[in-house]
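**Student:** As a plain string of letters, each chain reads:
Protein chains: 2
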Amino acid sequence: MKKLKRSGRLVDMTNFLLKHPNQLIPLHRFSERYGAARSSISEDLGIVKEIFESEQMGYLTTVAGVSGGVRYEPAVSAREAKTLVESLCRRLEEPDRLLPGGYLYMMDVLGEPGWMNEIGRLFAGIYRGQNIDVVMTMATKGIPLAYAVAAYLDVPICIARRDHRVTEGSVVSINYVSGSNKRVQTMSLARRSIPEGSDVLIVDDFMKGGGTARGMSELLTEVNAHLVGIAVLVEARHSERLIDEYISLVRLDEVNEQEKQIKAGPGNYTNHLQY
Amino acid sequence: MKKLKRSGRLVDMTNFLLKHPNQLIPLHRFSERYGAARSSISEDLGIVKEIFESEQMGYLTTVAGVSGGVRYEPAVSAREAKTLVESLCRRLEEPDRLLPGGYLYMMDVLGEPGWMNEIGRLFAGIYRGQNIDVVMTMATKGIPLAYAVAAYLDVPICIARRDHRVTEGSVVSINYVSGSNKRVQTMSLARRSIPEGSDVLIVDDFMKGGGTARGMSELLTEVNAHLVGIAVLVEARHSERLIDEYISLVRLDEVNEQEKQIKAGPGNYTNHLQY
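Quick mapping for you: the protein sequence lines, in order, are chains U and G. Start counting at 1 in the first sequence, then tack on 749, and there's your number in the numbering used here. Start counting at 1 in the second sequence, then tack on 749, and there's your number in the numbering used here.
Possibly wrong hints are sitting among the right ones.
Since the list gives no way to pick one copy over another, a pair counts as held whenever it fits inside one copy or between any two copies.
[Claimed, not checked] With a straight-line Cα cutoff of 25 Å, these simulated PhoX-like cross-link-like pairs (lysine-lysine) come out:
1) Lys1012 - Lys752
2) Lys798 - Lys752
3) Lys751 - Lys798
4) Lys831 - Lys1012
5) Lys751 - Lys831
6) Lys754 - Lys798
7) Lys831 - Lys798
8) Lys931 - Lys752
9) Lys1012 - Lys754
Just so you know, these hints were derived from the structure itself, not from any lab.
Turn these sequences into a full structure, and let the hints guide you.
**Tutor:** Listed below in C-alpha cells is the structure:
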C-alpha cells in the first residue's frame, strides 16, 4: 500500500477493523501497511477509538506488550439495545403475523440483513470475552441470525438438522422430545462440523419449551464439545422449560388467536448487558 | 452527534457507508450529522472515495442534483476475485472433502463468515445496478452465502424448502425433477416471503444438473416474481444442464473417488466482472 496521510489511514483503518472484529491486530501491521511511525498509528487509533465509543459501536481494546495490538469488539450499548428490542417487539406485535396454532410469521424479520446485523452485534457484545469457537444453530430459519452473530464473533457456524442429508459425511444423531408438543424427533449434526473440545454458542430464532435447545446441547456432548450459552431471539411463555440458562431478546407475553392480539416485551437480556 | 473534526468525520463516514451499502445517502444527512458545511463533506467523501478505490472495495458513486447523494456499491476487483477463487479452488481440492457418491463436504467453507463475506461482495459486484429486490435460496447449506450476498445488496433473503413447515403460513409448492438423479421432488415457498413483481436473484452453493435452480425459478413464476439471475458458488460438470444462464465462481472439473482426486478451476464468472 502506498504511503498514506492521516486522513487516508483513518478511512482504511476503520474499514480494516470493522472487517476483522475480535481479531488482535498487531500495531506493526498498520505501521508497515501505511509506512508510518508507530506513534502516528497510536494517535490514529485514539481518534478511531473516540468515534467508535461515542457512536457506541463496541470496544476498541488495546493490548500492550510485544504480542499486543488492537482489537475491535463489537457490542451494542444498553440504550441502543433498548431501542432495537422495542422496535422488534412492535414489529412482532403486528396482528397479521399470527399463524394457525399460535405461531408467528417471523421470516421477514429473520431475512433482513439490516436487522440481523444489529441483533448479531448485540449478542456478540453479550458473549464478548467468552472465547467462543463455533456458533451452532438448527436449520432453517435461525441460520441468518446465527451467521450474523458468528460474523461479529469471527467464528464459523455449524448447522444441526432435522433430516439427514447425504452430503455431510459421518453424522451423529440423537432423539429428543420437543418441549412444547412432547413429540419424539431426531436431530443430526455432521461430526466434522465441530472439532472436539470446541466452546459453542447455540443461537436460535424461537424457543418455546426448550426441547430443541436441549437437543442441541446433547448433540454437543456427543461430539465432546462444550456449551457456552444459548441465545434466542424470541421466547414464548411456557409452563415447564427444559433448559435453565439462556438469553432472550424478546418475550412473547400473549398470543391470542381469537382476538388476533400479540403482546411482546423485552426478554431477560437486560441482565446480561456489559456495555 | 457533536461537531466533529475531519478526522472524526472520516471514521464515522466510513463506518456509516459500509453499514449502508447500495443506499443513496443524501449529502445533507452528513452535513447535519456533523454540523459541517456541504463543501467540507464533499472533500471528506473525496478522501473516502480515494481509499475505497485504491483498496478495491467497490464504487463510491456520487449522484448530483436535489435528490442526489452518495452510494457505496460493494464489489471485488478482477485481480482480487482471481486470488479469492484460486484459494477457494485449492481448498475444495483437499482430498478429505470427498464423500461417498462423489459429493464434496463444503460446510466448513460455507460456514465461515470471512469467506462468505468476500464471496458475497464479489457476487454483489457482479449483479450491481440490476435492481434486485430479494435474494432467494434453497435450504440449508446455501443460506449463509445467500445472506452474505443479500447483506451487500441491502435486500432481504427468502428461503425455499424441501419440506413444508407449519410456521410459514400460506405456501406455494411445485414438483420438480432433479437434473442429476431424475427423481421427482417437492419444493415449497412461503407466499408472503416474496412480494408480487419482485426482481429476484437466486443464490445457491452447488449446482449439478440445475434441477433445483430451475425449480426455484418455477416457484418465482408461481408467485409472479421475476428472475434476474442465478449465482452458484460451485458447479459440477454435467452432460445436460436444465438451465442456460447462471454465473458460477468455481467449476469442478474432476471428482475421482477411486484416486481421491478433485480438480477445481474458475467458473464462468470471469465473463461477468464489471470492476
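**Student:** Indicate, hint by hint, whether the structure satisfies it.
**Tutor:** Comparing the hints with the structure gives:
In this homomeric assembly, Lys1012 and Lys752 never come within 25 Å of each other (Cα to Cα): the closest approach is 56 Å inside a single copy and 40 Å across copies. Proximity of Lys798 to Lys752 under the C-alpha cut-off of 25 Å is found in both arrangements, the shortest distances being 22 Å within a copy and 16 Å between copies. In the homo-oligomer, the alpha carbons of Lys751 and Lys798 lie at most 25 Å apart both inside one protomer (24 Å) and across protomers (15 Å), since each shortest distance falls under that limit. In the homo-oligomer, the alpha carbons of Lys831 and Lys1012 lie at most 25 Å apart inside one protomer (17 Å), although the nearest pairing across protomers, at 51 Å, exceeds that limit.
Taking the shortest Cα distances, Lys751 and Lys831 sit within 25 Å of each other only across copies (22 Å), while inside one copy they are farther apart (43 Å). When the C-alpha separation of Lys754 and Lys798 is checked against a cutoff of 25 Å, the pair qualifies both within a copy, at 18 Å, and between copies, at 14 Å. Proximity of Lys831 to Lys798 under the C-alpha cut-off of 25 Å is restricted to the intra-copy arrangement: shortest distance 23 Å within a copy versus 34 Å between copies. Taking the shortest Cα distances, Lys931 and Lys752 never come within 25 Å of each other, neither inside one copy (65 Å) nor across copies (58 Å).
Taking the closest pair of Cα atoms, Lys1012 and Lys754 never come within 25 Å of each other, the shortest separation being 53 Å inside a single copy and 45 Å across copies.
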